[in-house]
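Chemist: Protein sequences appear in the order of chains A and B.
Residue numbering for the first sequence follows full-length UniProt numbering, beginning at 1 and increasing consecutively.
Residue numbering for the second sequence follows full-length UniProt numbering, beginning at 1 and increasing consecutively.
Don't read these hints as lab results, they were simulated from the structure.
You may find that some hints are simply not true.
Unchecked claim - Interface residues of chain A toward chain B, partial, derived using beta-carbon atoms under 8 angstroms: (1) G20; (2) H22; (3) Q110; (4) L123; (5) P149; (6) L150; (7) A158; (8) S162; (9) I164; (10) A179; (11) I189; (12) I193; (13) L194; (14) H196; (15) G197.
Glycine is no exception: its CB is placed at the ideal position from the N, C-alpha and C atoms.
Protein chains: 2
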Amino acid sequence: MTEKQRSIMRASIKLFATKGFHASSTAEIAKEAGVAEGTIFRHYKSKKDILLAVVAPVLVKFAAPFILRDIREIFNREAELSVAQIVTELYRNRLELIEANEKHVRILLQEAFFHDEIREALLSTVFRETRTLADQLINSRIEAGELRPLPSEAVFRAILSSLIGLVLFKHVTDRDGFAKRTEEEQIAITVDILLHGIANRP
Amino acid sequence: MTEKQRSIMRASIKLFATKGFHASSTAEIAKEAGVAEGTIFRHYKSKKDILLAVVAPVLVKFAAPFILRDIREIFNREAELSVAQIVTELYRNRLELIEANEKHVRILLQEAFFHDEIREALLSTVFRETRTLADQLINSRIEAGELRPLPSEAVFRAILSSLIGLVLFKHVTDRDGFAKRTEEEQIAITVDILLHGIANRP
Numbered sequence: 001m002t003e004k005q006r007s008i009m010r011a012s013i014k015l016f017a018t019k020g021f022h023a024s025s026t027a028e029i030a031k032e033a034g035v036a037e038g039t040i041f042r043h044y045k046s047k048k049d050i051l052l053a054v055v056a057p058v059l060v061k062f063a064a065p066f067i068l069r070d071i072r073e074i075f076n077r078e079a080e081l082s083v084a085q086i087v088t089e090l091y092r093n094r095l096e097l098i099e100a101n102e103k104h105v106r107i108l109l110q111e112a113f114f115h116d117e118i119r120e121a122l123l124s125t126v127f128r129e130t131r132t133l134a135d136q137l138i139n140s141r142i143e144a145g146e147l148r149p150l151p152s153e154a155v156f157r158a159i160l161s162s163l164i165g166l167v168l169f170k171h172v173t174d175r176d177g178f179a180k181r182t183e184e185e186q187i188a189i190t191v192d193i194l195l196h197g198i199a200n201r202p
Numbered sequence: 001m002t003e004k005q006r007s008i009m010r011a012s013i014k015l016f017a018t019k020g021f022h023a024s025s026t027a028e029i030a031k032e033a034g035v036a037e038g039t040i041f042r043h044y045k046s047k048k049d050i051l052l053a054v055v056a057p058v059l060v061k062f063a064a065p066f067i068l069r070d071i072r073e074i075f076n077r078e079a080e081l082s083v084a085q086i087v088t089e090l091y092r093n094r095l096e097l098i099e100a101n102e103k104h105v106r107i108l109l110q111e112a113f114f115h116d117e118i119r120e121a122l123l124s125t126v127f128r129e130t131r132t133l134a135d136q137l138i139n140s141r142i143e144a145g146e147l148r149p150l151p152s153e154a155v156f157r158a159i160l161s162s163l164i165g166l167v168l169f170k171h172v173t174d175r176d177g178f179a180k181r182t183e184e185e186q187i188a189i190t191v192d193i194l195l196h197g198i199a200n201r202p
């Protein structure tokens, strides 16, 4: 990738994240990137092409490998960890990842509403892969008697829902309320409620 | 509201929900509504004016009163109901409400990303009011010993997160998996996990 392409990508991420894809024009992108508008069209066929060129690498380079790397790492350490430890690790890691990539996450969520390609890419790389790996873990913990004998998809939904709740309260609905406790405490309370919900009583 | 205004609103809701606000032009809205583009500008200053005229009534007419009516109704029957019954009722009711108003919900969520007015309206009418009412209920049930002595905002987050999980799995990430059980069963499993998480052990 040339320096100009990098500028175009940086400018697009900035504009798409603040104004959204449809409200950003290629003229604005060119201005923000400090290049001529013609330069943009030499590299990308259309604005949508930039979106897919900006977003696809994010998906492939960031989201999928991150999630899979962590889940694989957990699988490697599985024997030593309780479900509570696994979930705590995952929540911590996801909150950090989102914090560090807020703009990318924003673009992904915004544009997933409108572009089937992005929604499908998110669902197939991130969601379905995670789901398959999580299912194995959940089922083995149910067999081991650590988790209650619940449908594994309901357990997965409970784990994911709690994480979404943390993200939503931290970033959108309740920043002040959330900040009354440390992030570590918020995660601990959330995991405590979740584990009471899904774990077998000792 | 005149018949023409009603057509413009219907056309806008349809286009905003499928293509999004920014990708819909007033020319398209006019064509879809079967009116001249000039007619639109006689009624609304700008496309954003339509959005706020379309979305604001939805917020005020649908979302807020619905949610508050149900919560008030629950407060009126509070003495007779367990937390499990209250949450089951709410989840059932919210899923129906979203199903019946899918387009409106879609516009609200999409545009809440971009327009502070809409995000703020959602947060202040729907979120904060619900939160205040829920806090009272949660704290009284903690005092009564029905719920574990947890921070009430964490209990509220757990209840809301489970609902968001249901909506997400039903409508977005896992339609096929969700449909393997009836909605009634999905709600029951979700409430079961939640209640194990937040209720005192008998």
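Chemist: Each hint needs a verdict: does it hold in this structure or not?
Modeler: Here is how each hint holds up against the structure:
{"no.": "1", "hint": "G20", "verdict": "5 angstroms, holds"}
{"no.": "2", "hint": "H22", "verdict": "3 angstroms, holds"}
{"no.": "3", "hint": "Q110", "verdict": "5 angstroms, holds"}
{"no.": "4", "hint": "L123", "verdict": "6 angstroms, holds"}
{"no.": "5", "hint": "P149", "verdict": "12 angstroms, violated"}
{"no.": "6", "hint": "L150", "verdict": "7 angstroms, holds"}
{"no.": "7", "hint": "A158", "verdict": "5 angstroms, holds"}
{"no.": "8", "hint": "S162", "verdict": "5 angstroms, holds"}
{"no.": "9", "hint": "I164", "verdict": "6 angstroms, holds"}
{"no.": "10", "hint": "A179", "verdict": "11 angstroms, violated"}
{"no.": "11", "hint": "I189", "verdict": "4 angstroms, holds"}
{"no.": "12", "hint": "I193", "verdict": "4 angstroms, holds"}
{"no.": "13", "hint": "L194", "verdict": "6 angstroms, holds"}
{"no.": "14", "hint": "H196", "verdict": "5 angstroms, holds"}
{"no.": "15", "hint": "G197", "verdict": "3 angstroms, holds"}
Of the numbered hints given earlier, the model fails hints 5 and 10; all others are met.
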